[in-house]
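Student: Fit chain F to the given chain A structure using the hints.
2 protein chains.
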Amino acid sequence: MTAIITRNNDPKSVGTKGSQTYLYSWSTTNGVRPTILLELLEATYYLNKVDISKKIQKEKWYLEHNANGKIPTLAWIEADGSITYVNESAAILLFLAEKLDKKNEFSFKIGSLEYYEDIEWLFFVLSGLGPNKSNWKYFSTLPVKNDSAIKKYRDELLRNLGVVNTRLQRNGTGYLVGKHIGLADIALYPWIRKEQLPGLEKEIEQFPYVKKWIKSFDDNANVQKGYSVFKQ
Amino acid sequence: MTAIITRNNDPKSVGTKGSQTYLYSWSTTNGVRPTILLELLEATYYLNKVDISKKIQKEKWYLEHNANGKIPTLAWIEADGSITYVNESAAILLFLAEKLDKKNEFSFKIGSLEYYEDIEWLFFVLSGLGPNKSNWKYFSTLPVKNDSAIKKYRDELLRNLGVVNTRLQRNGTGYLVGKHIGLADIALYPWIRKEQLPGLEKEIEQFPYVKKWIKSFDDNANVQKGYSVFKQ
Numbered sequence: 001m002t003a004i005i006t007r008n009n010d011p012k013s014v015g016t017k018g019s020q021t022y023l024y025s026w027s028t029t030n031g032v033r034p035t036i037l038l039e040l041l042e043a044t045y046y047l048n049k050v051d052i053s054k055k056i057q058k059e060k061w062y063l064e065h066n067a068n069g070k071i072p073t074l075a076w077i078e079a080d081g082s083i084t085y086v087n088e089s090a091a092i093l094l095f096l097a098e099k100l101d102k103k104n105e106f107s108f109k110i111g112s113l114e115y116y117e118d119i120e121w122l123f124f125v126l127s128g129l130g131p132n133k134s135n136w137k138y139f140s141t142l143p144v145k146n147d148s149a150i151k152k153y154r155d156e157l158l159r160n161l162g163v164v165n166t167r168l169q170r171n172g173t174g175y176l177v178g179k180h181i182g183l184a185d186i187a188l189y190p191w192i193r194k195e196q197l198p199g200l201e202k203e204i205e206q207f208p209y210v211k212k213w214i215k216s217f218d219d220n221a222n223v224q225k226g227y228s229v230f231k232q
Numbered sequence: 001m002t003a004i005i006t007r008n009n010d011p012k013s014v015g016t017k018g019s020q021t022y023l024y025s026w027s028t029t030n031g032v033r034p035t036i037l038l039e040l041l042e043a044t045y046y047l048n049k050v051d052i053s054k055k056i057q058k059e060k061w062y063l064e065h066n067a068n069g070k071i072p073t074l075a076w077i078e079a080d081g082s083i084t085y086v087n088e089s090a091a092i093l094l095f096l097a098e099k100l101d102k103k104n105e106f107s108f109k110i111g112s113l114e115y116y117e118d119i120e121w122l123f124f125v126l127s128g129l130g131p132n133k134s135n136w137k138y139f140s141t142l143p144v145k146n147d148s149a150i151k152k153y154r155d156e157l158l159r160n161l162g163v164v165n166t167r168l169q170r171n172g173t174g175y176l177v178g179k180h181i182g183l184a185d186i187a188l189y190p191w192i193r194k195e196q197l198p199g200l201e202k203e204i205e206q207f208p209y210v211k212k213w214i215k216s217f218d219d220n221a222n223v224q225k226g227y228s229v230f231k232q
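In order, the protein sequence lines correspond to chains A and F.
Using full-length UniProt numbering, the first residue of the first sequence is number 1, and each one after it goes up by one.
Using full-length UniProt numbering, the first residue of the second sequence is number 1, and each one after it goes up by one.
Bound conformation, chain A alone (with noise of 0.2 Å):
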């Protein structure tokens, strides 16, 4: 594990020696994506949990630097002490592989046909497949159902999957865009793992691309520790 923990919310407390990665975030869909970048890269980096329970991501020294009050934010310390702040989850993986993903090894390279082909099924997933599979288990889980709004967003969730399976079974490495993870991979990873697709285990025999990615996700020691982390 290479978080370190932190319960001070100024980015300074964590010392200014070069440049450091200082993050604030929880263990939800939208918060393990940065951290599961960071164990991937073997990081070493700051980890403020923001329990969003208790809305401190609503509190107001949280919103000068997030408008939005949504976690994860990023605290990028420059090695002259000076402060970025970067928000929602895709534009902090950008960034983040910028700075520490030299080699590109989870990225590709700025400006190259994979990177915008990164950058367009980020899209796809923030705000395609996610906001369905959000919208699907809002619907589900009210005390009331309305069954044409769960039927809406399931339906429009299981044909995303499928647009999912075709684009593994072209792209044919095993990931949605070059031959390695990237960041669309890590970014849709949360919304789909097992836990997060409760009762759909027959639909998703359909697409067996998007069964087997799942898996060597499940079996990658790194990403599963950017969860882990959180229960420290």
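No wet-lab data here; the hints were simulated from the structure.
You may find that some hints are simply not true.
The list makes no distinction among identical chains, and a pair is therefore deemed to hold if it is satisfied within one copy or across any two copies.
Unchecked claim - Lysine-lysine pairs mimicking BS3-like chemistry, simulated, CA-CA at most 25 Å apart: (1) Lys-137 - Lys-152; (2) Lys-151 - Lys-137; (3) Lys-54 - Lys-151; (4) Lys-152 - Lys-55; (5) Lys-152 - Lys-54; (6) Lys-151 - Lys-58.
Remember, it's a predicted structure, so these values are computed and weren't measured experimentally.
Tutor: Just chain F now, kept in the frame of chain A:
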């Protein structure tokens, strides 16, 4: 107007002298993003209007390049005649900006802090405000109204507009990022201009920075050309 309307579905039909922009799109909130950017740049481009009411985007030839069956899709024709396909409207904006906006008039230098801020707000628009707006509209126009769903998405849309208002106030330039129109502004405008927010006129008054921002886009002739090109 700098668009050349084409009805030939094969991008190679337009000739391969130099690199060429060939766009499959339609006049939806997602579909006008690239045309707004291209008109702002006063670029020459080929536009193939894909009538989504006729489900052309679900035809087999289209799905070969866009398994998600959505518009817009960019077919970027390289100088050697080869073609690069890019999907997802925000990814298309980033790609086109690199190819055509060399002076960063409507985008930001790749890798700069403003580049990441632009990406951050692109994700906010595409994964936050946009889906809430779509869902508010969906539930508002159902024959059988679902008041709690309408309220959920309306409240979240208004909260998101408040976040945009705070951002515009803090940035202080009249734009989401930096000192000029950026890709996130282009992505946001189609979803919150007047005709898109019926019945929220009074609520918009609470957000003076958003109101002023919308007006500046309403008054921008090139932005409006991004819409009128679909009427050709």
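Student: For every hint, state whether the structure bears it out.
Tutor: Verification of the hints:
1. With identical chains, the CA atoms of Lys-137 and Lys-152 are at most 25 Å apart both within one copy (12 Å) and between copies (14 Å).
2. Within a single copy, Lys-151 and Lys-137 get their C-alpha atoms as close as 11 Å, and across copies as close as 18 Å, so both meet the 25 Å cut-off.
3. Only between protomers do Lys-54 and Lys-151 lie at most 25 Å apart by alpha-carbon distance; the minimum there is 24 Å, versus 32 Å within a single protomer.
4. For the homomeric pair Lys-152 and Lys-55, the shortest alpha-carbon distance between copies (19 Å) is at most 25 Å, but the shortest distance inside one copy (30 Å) is not.
5. In this assembly of identical chains, the alpha carbons of Lys-152 and Lys-54 lie at most 25 Å apart only when taken from different copies (21 Å versus 32 Å within one copy).
6. With identical chains, the CA atoms of Lys-151 and Lys-58 are at most 25 Å apart between copies only, with a shortest distance of 21 Å across copies and 32 Å within one.
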